[in-house]
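Participant: With the hints as extra help, turn the sequences into a complete structure.
Protein sequence lines correspond, in order, to chains A and B. So the first sequence is numbered by my numbering: it starts at 1 and just counts up by one. So the second sequence is numbered by my numbering: it starts at 274 and just counts up by one.
Fair warning: there could be bad hints in the mix.
Derived DEER-like restraints, expressed as beta-carbon distance ranges [claimed, not checked]:
no.	chain 1	residue 1	chain 2	residue 2	range
1	A	Arg71	B	Ser555	48 to 56 angstroms
2	B	Arg457	A	Ala61	50 to 58 angstroms
3	A	Gly213	B	Gly297	30 to 38 angstroms
4	A	Leu67	B	Glu288	34 to 42 angstroms
5	A	Leu218	B	Asp534	53 to 61 angstroms
6	B	Pro535	A	Leu145	39 to 47 angstroms
7	A	Glu133	B	Glu288	19 to 27 angstroms
8	A	Arg231	B	Glu305	35 to 43 angstroms
9	B	Gln389	A	Ser60	51 to 59 angstroms
10	B	Asp480	A	Gln228	38 to 46 angstroms
11	A	Pro98	B	Gln473	33 to 41 angstroms
12	A	Gln217	B	Glu405	32 to 40 angstroms
Since the hints were made in silico from the structure, they are not lab data. What you are looking at is a predicted structure, and each value in this text was computed from that prediction instead of being measured. Backbone N, C-alpha and C fix where the C-beta goes; we use that ideal spot for every residue, glycine too.
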Amino acid sequence: MGNQEPGPQANRTLSEQDHFEVHDLAPEVFYEQVHSFEFWFQAVQGYLSGKVYGVDPNLSAPSLPDLDRDRLITVLCNYCVGETAALEGASGLIAIAPNRHTKIFLSTQVVDEGRHLEVFLHRLRLLDVADPEGEVERRASRSLLLFKRRLLELVNGKDWEAAIFAQNVILESLEFTVFQSHAREADPVTRDLLLGIVKDERRHIGFGENELGRRLQLAPHIRARLGQVKRELDHLVLDTLEETLLELGADPVEREKLGRAYLEAAARLGLET
Amino acid sequence: MADFLTAYSIQNWLESCPQGYLMGTVYGHRPEDEEPAPLLENEVLREEAIRTTVQLVVGERCALAASSGLINAAPDEASKRFLATQTLDEARHVEIFTQRLLDLGVPKKDLESTIQHFANPNLVKFAEVLLEKVDKKDFVAGVVGQNIVLEGMAFSVFEMLHAVSEPTNPKFARMLSGTIADERRHVGFGENRIGSLIKQYPERKADVEKLQKEMSYWMLATFADAFRNNPARAEFKRIEGELSRAGVHAEWQGVDLLTKDPEEMEQILADTVLKEFKTRLSRIGIEYQTPDRP
Numbered sequence: 001m002g003n004q005e006p007g008p009q010a011n012r013t014l015s016e017q018d019h020f021e022v023h024d025l026a027p028e029v030f031y032e033q034v035h036s037f038e039f040w041f042q043a044v045q046g047y048l049s050g051k052v053y054g055v056d057p058n059l060s061a062p063s064l065p066d067l068d069r070d071r072l073i074t075v076l077c078n079y080c081v082g083e084t085a086a087l088e089g090a091s092g093l094i095a096i097a098p099n100r101h102t103k104i105f106l107s108t109q110v111v112d113e114g115r116h117l118e119v120f121l122h123r124l125r126l127l128d129v130a131d132p133e134g135e136v137e138r139r140a141s142r143s144l145l146l147f148k149r150r151l152l153e154l155v156n157g158k159d160w161e162a163a164i165f166a167q168n169v170i171l172e173s174l175e176f177t178v179f180q181s182h183a184r185e186a187d188p189v190t191r192d193l194l195l196g197i198v199k200d201e202r203r204h205i206g207f208g209e210n211e212l213g214r215r216l217q218l219a220p221h222i223r224a225r226l227g228q229v230k231r232e233l234d235h236l237v238l239d240t241l242e243e244t245l246l247e248l249g250a251d252p253v254e255r256e257k258l259g260r261a262y263l264e265a266a267a268r269l270g271l272e273t
Numbered sequence: 274m275a276d277f278l279t280a281y282s283i284q285n286w287l288e289s290c291p292q293g294y295l296m297g298t299v300y301g302h303r304p305e306d307e308e309p310a311p312l313l314e315n316e317v318l319r320e321e322a323i324r325t326t327v328q329l330v331v332g333e334r335c336a337l338a339a340s341s342g343l344i345n346a347a348p349d350e351a352s353k354r355f356l357a358t359q360t361l362d363e364a365r366h367v368e369i370f371t372q373r374l375l376d377l378g379v380p381k382k383d384l385e386s387t388i389q390h391f392a393n394p395n396l397v398k399f400a401e402v403l404l405e406k407v408d409k410k411d412f413v414a415g416v417v418g419q420n421i422v423l424e425g426m427a428f429s430v431f432e433m434l435h436a437v438s439e440p441t442n443p444k445f446a447r448m449l450s451g452t453i454a455d456e457r458r459h460v461g462f463g464e465n466r467i468g469s470l471i472k473q474y475p476e477r478k479a480d481v482e483k484l485q486k487e488m489s490y491w492m493l494a495t496f497a498d499a500f501r502n503n504p505a506r507a508e509f510k511r512i513e514g515e516l517s518r519a520g521v522h523a524e525w526q527g528v529d530l531l532t533k534d535p536e537e538m539e540q541i542l543a544d545t546v547l548k549e550f551k552t553r554l555s556r557i558g559i560e561y562q563t564p565d566r567p
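Facilitator: Put into structure tokens, the structure is as follows:
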């Protein structure tokens, strides 16, 4: 099929696929390759094959002391709020996406976000939470709910650059930072599902940075508007980060380090920290 | 409600779809399959294949916009998650049918203009009626329009195309069989989820029935253009005759499609789809409305 669009990873060896990073691609190759169902499928197949609700079925959930269990429930509930925001944000963005490739990429992101929500709700059930959705409502962080509201306002306002920035750079970077940190200290079941999610988040951030990077090159005036969105959202994100890290028992040095890691994500786009 | 929705989880979707019947496929077909040479070498047939595939792209683009747009209108988390899988299914359909246009020789730079040129205006109207409901975040009407009417139509159209393609174009037949499996899941969700919502909001029935009638009219008008007014009917007749003489059959709904005139095929398709609508709508407590005939 000579006229076929570029195949995703079909020609890579397994070893090459293990080390494959979308961030390493040149922008034009990245754009052609990653915006397809085929690419998504090849990517997730590597780390979701054989998993049930994001977890190796051979792992068993440990029994946690009451205080640890309660903290974990609060953290997972807030992960659910973040993933619901991401699901609603990504699905709303499809309508305003500028082309077919972008719509298809966002469709893969929609199912990723839906999967994250599902695995977190399932983890809550494993912790004997009888009504996970009700528990999420009860324990939701106010800062995160405000962030979600603002994100959906940007999406509904059809502001493509600002919404992609809020969704695929700010929110995804926040989740990436927190999930990576949490995975290091988590019980085996939670760690396994977090590590799978982190791989998805890396793909979403790559898309956001690439999409905005190209637009910023073509229209540098967008930078000022994104800077304004960032200043508006930073305190909500940093408050959420602080609340979550406190629940996870992170010390002040670790909290400050992770706060910086989040701010560096915006800095990669040349937006002031 | 919660029990039936567990069958529509993303975990089940992953196991049955990407890790199930799509395993080993590339753009929905076996990697070694290609469009048959007699199709690519016959300009009339090639153009007709492009015209048909464009309608599939138009329909799937509408389904992608509708399913993603309905996520934010869904009243519960489980429905949102099912619609997330449907969104990606529809995006995959857009991708594979767009790829087929490229395989049929449409240059990449001409994709959009080709789609605009061949898109049936009645099908565009059909999509507009549905997307108006989605834009208003009307979940009940949106799901009936999307998962019962649009998907129900697509299901029968794909089955008919599959019956004709199976003996002549294994690549296209394989693409269609994967798509049919997706559509079956979507229609099932629509019936199950909307049944309970209609019981909860019986005042919505009249509006939903009006939507079904209107969308059905535009669907029938699309069928009329595709069969009655098809510019390639003489060439189709010649090839169908050749295939019949060679002992090739395309059985669907108890008839050999290769022996039928375009008007008869239109009638079979329209009757099949409308009968399905009637059955499915009655299951969810909606009274089927007979559409005007174009």
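Participant: For each hint, tell me whether it holds in the structure or not.
Facilitator: Status of the hints after comparison with the structure:
1. A:Arg71 x B:Ser555: 48 to 56 angstroms: 51 angstroms, holds
2. B:Arg457 x A:Ala61: 50 to 58 angstroms: Given range 50 to 58 angstroms: violated, Cβ gap about 35 angstroms.
3. A:Gly213 x B:Gly297: 30 to 38 angstroms: With Cβ atoms ~35 angstroms apart, the hint holds.
4. A:Leu67 x B:Glu288: 34 to 42 angstroms: Holds, since Leu67 (chain A) and Glu288 (chain B) (Cβ atoms, about 36 angstroms apart) stay within the stated range.
5. A:Leu218 x B:Asp534: 53 to 61 angstroms: 55 angstroms, holds
6. B:Pro535 x A:Leu145: 39 to 47 angstroms: 57 angstroms, violated
7. A:Glu133 x B:Glu288: 19 to 27 angstroms: 24 angstroms, holds
8. A:Arg231 x B:Glu305: 35 to 43 angstroms: Roughly 55 angstroms apart at Cβ, these two residues miss the hinted range, so it is violated.
9. B:Gln389 x A:Ser60: 51 to 59 angstroms: At roughly 56 angstroms between Cβ atoms, Ser60 (chain A) and Gln389 (chain B) fall inside 51 to 59 angstroms, so the hint holds.
10. B:Asp480 x A:Gln228: 38 to 46 angstroms: 42 angstroms, holds
11. A:Pro98 x B:Gln473: 33 to 41 angstroms: 38 angstroms, holds
12. A:Gln217 x B:Glu405: 32 to 40 angstroms: 37 angstroms, holds
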